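For reference, the chains in residue letters:
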Amino acid sequence: MSRLVLALFALVVFGMIRLPVEQRLFQQHQQERLRGVEFNLDLRDQLGQLGFIAALSGFRAAVADVFFIQAHVAWENTEWGRVLLLFRQVTTLQPRAILFWDSAAWHMAWNASVAAMRDPTQPRQALRVKAQREYFALGKDFLERGIKNNPDKPQLYEALGRLYKDKYNDHARASKYYAKAAVLPGAMSYVKRFAAYELSYCEGREREAYQRLHELYEMGKNERLPTLITRLKFLENKLGIPPEQRIPDEDPLKR
Amino acid sequence: MTSSRHRAFSPARLVAITTNTLTELTRLKVFYFLLIFALLLIGSSIFMARVTFQQEFQILKDVSLGAMSIFTSLLAIVATARLIPQDIDDRTIYTILAKPVPRFEYVIGKLAGVLLLLAISTLVMSAMFLAVIYSREQTLLHDTMRQMTGAPREQVDDALGAIRASAFNIDIFPGIVVIYLKACLLAALTLFVSTFATTNIFTVVVMVFIYFIGHLQATARQYWLQEHAATWTTRLFLALIALIFPDLQTFNLVDDIVAGAVIPLGIFTKTAVLGAFYTTIYTLLAAFVFYGKEL
Chain G
1 MSRLVLALFA LVVFGMIRLP VEQRLFQQHQ QERLRGVEFN LDLRDQLGQL
51 GFIAALSGFR AAVADVFFIQ AHVAWENTEW GRVLLLFRQV TTLQPRAILF
101 WDSAAWHMAW NASVAAMRDP TQPRQALRVK AQREYFALGK DFLERGIKNN
151 PDKPQLYEAL GRLYKDKYND HARASKYYAK AAVLPGAMSY VKRFAAYELS
201 YCEGREREAY QRLHELYEMG KNERLPTLIT RLKFLENKLG IPPEQRIPDE
251 DPLKR
Chain V
1001 MTSSRHRAFS PARLVAITTN TLTELTRLKV FYFLLIFALL LIGSSIFMAR
1051 VTFQQEFQIL KDVSLGAMSI FTSLLAIVAT ARLIPQDIDD RTIYTILAKP
1101 VPRFEYVIGK LAGVLLLLAI STLVMSAMFL AVIYSREQTL LHDTMRQMTG
1151 APREQVDDAL GAIRASAFNI DIFPGIVVIY LKACLLAALT LFVSTFATTN
1201 IFTVVVMVFI YFIGHLQATA RQYWLQEHAA TWTTRLFLAL IALIFPDLQT
1251 FNLVDDIVAG AVIPLGIFTK TAVLGAFYTT IYTLLAAFVF YGKEL
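Top line first, the protein sequences correspond to chains G and V. Per the working numbering, the first sequence runs over residues 1 to 255. Per the working numbering, the second sequence runs over residues 1001 to 1295.
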């Protein structure tokens, strides 16, 4: 018995030795955005008892997958409230998985918003538009929180840029997020171009857009795509660029 | 007549105890059941959610690595919990300790047997997991090449590159090593608990509680170190949890690895050293308590 007491005492002493080491490692994990999930009562309420226990036992990623599959089934049944709830759980459990943030935003801003606009049970268009805008906002919220958790991944900036372009018609913000995506490692080759395209639609920023599009044009044949030529031609006309400075290509729209 | 001198520590004796323990454990049906269930789960992950290839690989990796983590932990607890009580029941412990075998050698040999078993199980599960990933990757590459016949070379390369990037990630290996280290830690801790436990069931139940508390230890530690408004009884309780229980969340790196996070070498090394340190301390404590055990 006395040996057991001594062993427990040694365990506490060992705990004191390892405490600063564990604490430093914990801080390093947080700096690297690992262990992004805090196990507290909020999470317990979100996941339910069984999900919480499973997540606690080191099955966090697998629990997130189960919820993701359930969300997919809910989407097939067009149960939008359930899709939202399940994606909140999924993204809470796996905040580092880009795929989950992207899917959540896509379901909200692209699928649920369209379903809300075509809702046959809601005769008032004003309310349908209101519901649609709420779903846009939910999609935006997913992407913004996803970016907060993964600031170094270009995919979510690209998705947010796309959302501003397609759903809000906000070209300035779309351009800003495409440009942010373009400077990150692993960015898709088209985002830099898209940032310039979106800027070309912004009133008062035509000169800046023209310079950026021209830079891309100068980069060679691979960048001289029909949309780029069209936007450059549009800006040349709008800015009154002298003929000798204009690009020699024919406007694809006038072919 | 020549008499050989008795040595306080003999690697040959240790190897004999280790191999015997391993042989004994591999004859257990529970080991095969656990392994078969793990392999079935890893194998069946290939049939789960086929929405897009990225989602499919993410789910495949999550389920497989989750299965590896839970089964190695279970195996570590179940296999170790029965070692000492079984030897006492079978009376083999008396035969061993009646010979000039120091008790610490017995404890270390027993644990080494379990660690070897865990290493073999982890290797088998990893091989199955890699085979499943490889087979699914090849199928998808083949399908994509067939679907993209006639597409520009650049687009085909992009599509194939995306599949390869989603399928295999070199960071999975440190993740598997950390799963193994967590199982080693649990085995050593189970051995420590079993040195003062009276029954096998008691050890398993205590270890299940430790397993859950260990996953919450970091939360308790943070609250203890940062929350000054709590009463002194709460703080004392949290301090005891933080000091006595291991932080098992530190070893759950695979969840983030599967999500695409890169684990820096420094963090991996520190985690590995911490795991080895935990295992050593718990083994020494087990040997210490076992020395005082009346047999």
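By construction, these hints were calculated from the structure, which means they are not laboratory data. Since we're looking at a predicted model, the values are computed, not measured. Idealized CB from N, CA, C, for every residue including glycine. Treat the hints with caution; some may be incorrect.
[What the hints assert, rightly or not] Result set (SDA-like, lysine to any residue): computed pairs, CA atoms no more than 20 angstroms apart in a straight line: (1) V:K1270 to G:Q132; (2) V:K1293 to G:R33; (3) V:K1293 to G:L4; (4) V:K1293 to G:L225; (5) G:K192 to V:K1293; (6) G:K130 to G:K176; (7) G:K221 to V:P1152; (8) V:K1270 to G:K221; (9) G:K167 to G:L184; (10) G:K140 to G:P120.
[To be verified] Which stretches of chain G does chain V cover? Using the computed rule of at least three CB atoms under 8 angstroms from a CB of chain V, they are: (11) 10 to 20; (12) 228 to 239.
Structure-based check of each hint:
1. V:K1270 to G:Q132: violated, 49 angstroms
2. V:K1293 to G:R33: violated, 46 angstroms
3. V:K1293 to G:L4: holds, 10 angstroms
4. V:K1293 to G:L225: Measuring from Cα to Cα gives roughly 81 angstroms; hence the hint is violated.
5. G:K192 to V:K1293: Violated. K192 (chain G) to K1293 (chain V) sits at ~71 angstroms, over the 20 angstroms cutoff.
6. G:K130 to G:K176: violated, 26 angstroms
7. G:K221 to V:P1152: Between K221 (chain G) and P1152 (chain V) the Cα gap is close to 16 angstroms, so the pair holds against 20 angstroms.
8. V:K1270 to G:K221: violated, 49 angstroms
9. G:K167 to G:L184: violated, 24 angstroms
10. G:K140 to G:P120: Outside the cut-off at roughly 25 angstroms; violated.
11. 10 to 20: Contact hint for the region 10 to 20 of chain G vs chain V: holds, 8 residues under 8 angstroms.
12. 228 to 239: violated (count 0)
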